[in-house]
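**Q** Sequence:
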Amino acid sequence: MNSRVGAAVIIAILAAGCTSVSPPPPTVSVGPVTVRPQEAHDVTAAPPAAAEPCDREASLPPGPLPAAGEMPPGSTMAVIARRGRLVVGVDQNTYGFGFRDPTTGRIEGFDIDVAREIARAVFGDPDRIDLRVVDARDRETALMSGQVDVVVRTYSITCERRRSVDFSTVYFVANQRILAPRGTRIDTADDLSGRRVCAVTGTTSLSNLVAINPRPFVIGVTAWTDCLVMLQQNQVDAISTDDAVLAGLAEQDPTVEIVGPSLEVEPYGVGVGKYHEDLVRFVNGVLERMRLDGTWDRLYDRWLTRLGPSPGPPAATYGGS
Numbered sequence: 001m002n003s004r005v006g007a008a009v010i011i012a013i014l015a016a017g018c019t020s021v022s023p024p025p026p027t028v029s030v031g032p033v034t035v036r037p038q039e040a041h042d043v044t045a046a047p048p049a050a051a052e053p054c055d056r057e058a059s060l061p062p063g064p065l066p067a068a069g070e071m072p073p074g075s076t077m078a079v080i081a082r083r084g085r086l087v088v089g090v091d092q093n094t095y096g097f098g099f100r101d102p103t104t105g106r107i108e109g110f111d112i113d114v115a116r117e118i119a120r121a122v123f124g125d126p127d128r129i130d131l132r133v134v135d136a137r138d139r140e141t142a143l144m145s146g147q148v149d150v151v152v153r154t155y156s157i158t159c160e161r162r163r164s165v166d167f168s169t170v171y172f173v174a175n176q177r178i179l180a181p182r183g184t185r186i187d188t189a190d191d192l193s194g195r196r197v198c199a200v201t202g203t204t205s206l207s208n209l210v211a212i213n214p215r216p217f218v219i220g221v222t223a224w225t226d227c228l229v230m231l232q233q234n235q236v237d238a239i240s241t242d243d244a245v246l247a248g249l250a251e252q253d254p255t256v257e258i259v260g261p262s263l264e265v266e267p268y269g270v271g272v273g274k275y276h277e278d279l280v281r282f283v284n285g286v287l288e289r290m291r292l293d294g295t296w297d298r299l300y301d302r303w304l305t306r307l308g309p310s311p312g313p314p315a316a317t318y319g320g321s
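full-length UniProt numbering puts the first residue of the sequence shown at 1, with every later residue one more than the last.
It is worth saying that the hints were derived from the structure and are not from the lab. Watch out, some of these pointers could steer you wrong.
[Stated by the list, open to error] Distance windows between CB atoms, simulated:
no. : residue 1 : residue 2 : range
1   : PRO261    : ALA67     : 20 to 28 Å
2   : ARG82     : ARG182    : 52 to 60 Å
3   : GLU251    : GLY312    : 21 to 29 Å
Using N, Cα and C, we set each Cβ at its ideal position, and we do this for glycine too.
With the hints as constraints, model all of the structure from the sequences given.
**A** Here it is, written out as structure tokens:
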């Protein structure tokens, strides 16, 4: 083969390679996958109701508050003082009450500042506090086991819960309502029948939802932000819980709104373990001082104005001796 022929052959081969078309890759079809938040589950039965009714808002009357740093010897407060920190069960997912500030990483909110006032009364320093994040379903367990001294976590007082733990006087009153996308035909509890509704496991909201007849399809999750994600992804039709919590969710998503009348009144109290009556009285003394010296109103104006003008602190109800 001479050089001219060889060159021609090479050019022909290269040309054939350039003009050949590779077969297309096989088509891969992936359908959309609905991802539920971890531990989301269908709720088919209401939590057990209390065996006997009670005056759920009544708490022990406070005595005179001791001076900060001078807790009575042998008292629960003295034990806390020796430890050097008040240990508090809180939330980190409820905007306005207990949430983690994305800028500072600190847990802040109305409930957190109430806890700080209790620490201030013990130590004279609101920063002598150890915040422990506790799921709603674990609040009683945390108190009964002694993991925390108190729980300040949008904690509704109920007769059933009073069988396991004690409560302070009411420091905030919420109402269970509904959060739904704007423009949907959901306005009342009856409109939830047959719909998918989200609530957090361990809350009173679940019981009230399961009691609706005909019953909605209730889905329980770990945190209210999980409910908001499910609503945004059309995995549920609505969320129902305290309006104070819903207002924080609505603040994060302008496409939703709070609708309908109250399904149930929800009084919040500070949870305290059984057999610590002195601590219950002490906390009640702190709350009473907050009512009288304007601290409660100051905290409301800092964290909760999205709920409207301050209604003022709820009056204390005392019972026992």
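**Q** Falls inside 21 to 29 Å, the C-beta gap from GLU251 to GLY312?
**A** holds, 23 Å
**Q** Please test the hint of 52 to 60 Å on the beta carbon pair from ARG82 and ARG182.
**A** Taking Cβ atoms as reference, ARG82 and ARG182 lie about 54 Å apart, which means the hint holds.
**Q** Range hint 20 to 28 Å: satisfied by the CB atoms of PRO261 and ALA67?
**A** violated, 46 Å
Of the numbered hints stated above, the single one contradicted by the structure is hint 1.
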